Amino acid sequence: MRQPVRGSQEDDPPREEDVGRIRAVLIMGGVPWQDLDDAVQQVRLKLLERSSAETIDNPAAWTAVVASRIAVDWHRGRRRTEQLRHRIMALRAPGVAETPPDRDRDLALVVAGELDELPADQRQLLVLRFYTDLTVPQIAAVLGVAQGTVKSRLHNAIAQLRVRLSAKGLV
Amino acid sequence: MSQVKHGGATPPDDALMYAITGEQPPGSLARTEEMAEATATVSALRQGLAALGAELAAATPEPAADSRPAPNAPAPAGRRPAGSSAKRIWARPWALSAATGVVAVALAGGYALNMSDPGDTSDSRSLPGAVACAETIAVGNVTSVSRQGDRFAVTLDAQRYLKPENGPAILSVGDAQLPLGGSSTAPAEGDRVLVVVHDAAKGNVDLFTGADIASELGWMEKALPDSRSIDPTDCKGE
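Residue numbers (our numbering), protein chains in the order written: chain A, 366 to 536; chain B, 368 to 605.
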């Protein structure tokens with residue numbers, strides 16, 4: 366998005382309950398666990414800047430895009446220090462956290478493994494499209510790329526995912 | 368939103384694509400097994416991401432002993448200088464309270480929100496980790512280019528190498544891609560380009576054109592001296 370966007374009355378920094386979602390986008394995008402607080406601060410900072418300068422139409426989407434960008438940059442500028450799949454498995458150690466039902470847990474683990482295998486750019490697209498629910502035109506607009514490019518990269522990533530999901534009997 | 372670019376790589380026109388975009392498939396496809404399978408795949412992906420997101424959102428971030436970088440790993444230094452205009456916005460570990468004051472001053476000058484590069488100010492940090500992990504960084508003029516989808520095979524008349532210090536006069540790279548979110552445009556013969564080969568074996572090659580060249584090269588030059596003290600073997604897996 367290369368132009369100011371106006372129109373929202375929501376100028377406050379992200380609510381605490383939204384921070385969890387920001388963290389999820391950051392981790393799925395490749396930010397290492399130990400850097401998470403720094404990365405969340407980056408998102409907060411940018412939202413604060415925005416709140417002082419401009420308003421935007423869709424704060425939730427904007428926040429997700431900012432988080433995904435930071436994740437891409439973090440991931441590419443640094444050595445990948447951990448696998449998302451391993452992180453999820455560690456979180457599931459007894460007593461650490463409540464977890465979703467079994468099929469969702471299986472899907473989460475498969476998807477985490479898939480994200481681990483993807484380049485940062487494709488991770489970003491998957492998260493923006495299917496976690497944040499931005500449309501393809503919206504993603505193309507905020508990233509400044511052609512819709513065809515977004516579609517092709519999503520298609521490539523999901524075609525591979527389909528094979529693995531099928532092999533595991535999850536679709 | 369900024370203007371939407373149409374075109375780009377020619378995407379497949381199949382059931383999976385309709386499932387991805389959420390567009391209504393043509394009647395001939397709508398009730399087919401292929402469409403049902405594609406829809407199920409996308410639904411499973413959404414469900415998996417939602418479950419994954421829920422687990423991650425509920426988890427408390429703490430430093431993890433098993434994920435700490437090695438002492439000489441490039442990670443701690445892998446931060447990009449602010450103020451660059453291309454794709455990457457490297458993190459700065461500012462405390463929020465301090466940053467707020469800095470930002471307030473910056474905004475007093477009439478800062479306008481720019482989604483592609485929000486919040487960059489003029490402080491300067493290098494990215495020795497990123498430079499240390501790059502296999503080749505070179506600038507030159509394109510002598511030939513061929514496009515394969517959204518990627519490019521490019522040959523350039525290399526005029527300058529940042530890393531290694533020297534290299535072949537004619538440099539050819541494949542699988543190069545323009546950075547998402549950057550201002551780079553597809554290169555043409557005669558164009559000046561910056562090529563960054565992160566990992567040739569994995570096809571991880573970035574291609575910068577136009578104004579992105581100066582901004583990217585700027586932080587890489589600053590990062591170069593410190594990058595020499597980083598062991599590139601720590602880059603494996605990047």
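Keep in mind the hints are simulated off the structure, nothing from the lab.
Keep in mind that this is a model prediction, so the values were computed, not measured.
Please note that the accuracy of each hint is not assured.
Said to hold, decoys possible - Distance windows between CB atoms, simulated: (1) A:Gly478 / B:Ala425: 17 to 23 Å; (2) B:Pro379 / A:Gly478: 32 to 38 Å; (3) A:Gly534 / B:Glu588: 49 to 55 Å; (4) B:Gly557 / A:Ala532: 19 to 25 Å.
As the list claims (entries may be wrong) - DMTMM-like, lysine to aspartate or glutamate: derived pairs with alpha carbons at most 20 Å apart: (5) A:Lys533 / B:Glu404; (6) B:Lys569 / B:Asp542; (7) B:Lys569 / B:Glu588; (8) A:Lys533 / B:Glu401; (9) B:Lys530 / B:Asp598; (10) A:Lys533 / A:Glu482; (11) B:Lys569 / A:Asp471; (12) B:Lys569 / A:Asp481; (13) A:Lys533 / A:Asp481; (14) A:Lys533 / A:Asp471; (15) B:Lys530 / B:Glu556; (16) A:Lys533 / A:Asp467.
To be verified - Residues from chain A that keep clear of chain B, each with C-beta distances beyond 10 Å, as calculated: (17) Pro424; (18) Ala425; (19) Ala532.
Cβ coordinates follow ideal geometry from the N, Cα and C atoms, glycine included.
Do the hints match the structure? See the list:
A C-beta distance of roughly 20 Å is found between Gly478 (chain A) and Ala425 (chain B), which places it inside the suggested range of 17 to 23 Å. The hinted range of 32 to 38 Å is not satisfied by Pro379 (chain B) and Gly478 (chain A), whose Cβ atoms lie roughly 24 Å apart. Between Gly534 (chain A) and Glu588 (chain B) the C-beta distance comes to about 52 Å, which sits within the given range of 49 to 55 Å. At roughly 48 Å, the beta carbons of Gly557 (chain B) and Ala532 (chain A) sit outside the given window of 19 to 25 Å.
Of the pairs offered as hints, the one joining Lys533 (chain A) and Glu404 (chain B) holds, with about 15 Å between alpha carbons and a cut-off of 20 Å not exceeded. The hinted pair formed by Lys569 (chain B) and Asp542 (chain B) meets the criterion: a straight-line CA distance of about 9 Å does not exceed 20 Å. With a C-alpha separation of about 25 Å, the suggested pair Lys569 (chain B) and Glu588 (chain B) falls outside the 20 Å cut-off, and the hint is violated. With a C-alpha separation of about 19 Å, the suggested pairing of Lys533 (chain A) with Glu401 (chain B) holds against the 20 Å cut-off.
Restraint check for Lys530 (chain B) and Asp598 (chain B): the C-alpha separation of about 14 Å stays at or below 20 Å, so the hint holds. Only pairs whose Cα atoms come within 20 Å are accepted, and Lys533 (chain A) paired with Glu482 (chain A) is accepted, the gap being roughly 17 Å. Restraint check for Lys569 (chain B) and Asp471 (chain A): not satisfied, since their Cα atoms lie roughly 28 Å apart, outside the 20 Å limit. Between Lys569 (chain B) and Asp481 (chain A) the alpha-carbon distance is near 14 Å, which keeps this suggested pair within the 20 Å criterion.
For a cut-off of 20 Å, the pair hint linking Lys533 (chain A) to Asp481 (chain A) stands: about 17 Å separates their Cα positions. Between the alpha carbons of Lys533 (chain A) and Asp471 (chain A) the distance comes to roughly 9 Å, so the proposed pair stays at or under 20 Å and holds. Using a Cα cut-off of 20 Å, the hinted pair Lys530 (chain B) and Glu556 (chain B) is violated, with the two alpha carbons roughly 23 Å apart. Among the hinted pairs, Lys533 (chain A) with Asp467 (chain A) is consistent with the structure: their alpha-carbon atoms are about 14 Å apart, no more than 20 Å.
Every CB of chain B lies more than 10 Å from the CB of Pro424 (chain A), the least distance being 12 Å, so the non-interface label holds. With 10 Å as the threshold on Cβ separation, the claim that Ala425 (chain A) sits away from chain B holds: the shortest Cβ distance comes to roughly 13 Å. Remark: the non-interface label on Ala532 (chain A) is consistent with the geometry, its nearest Cβ contact in chain B lying 12 Å away (cut-off 10 Å).
The structure does not agree with the numbered hints 2, 4, 7, 11 and 15 stated previously, though it agrees with the rest.
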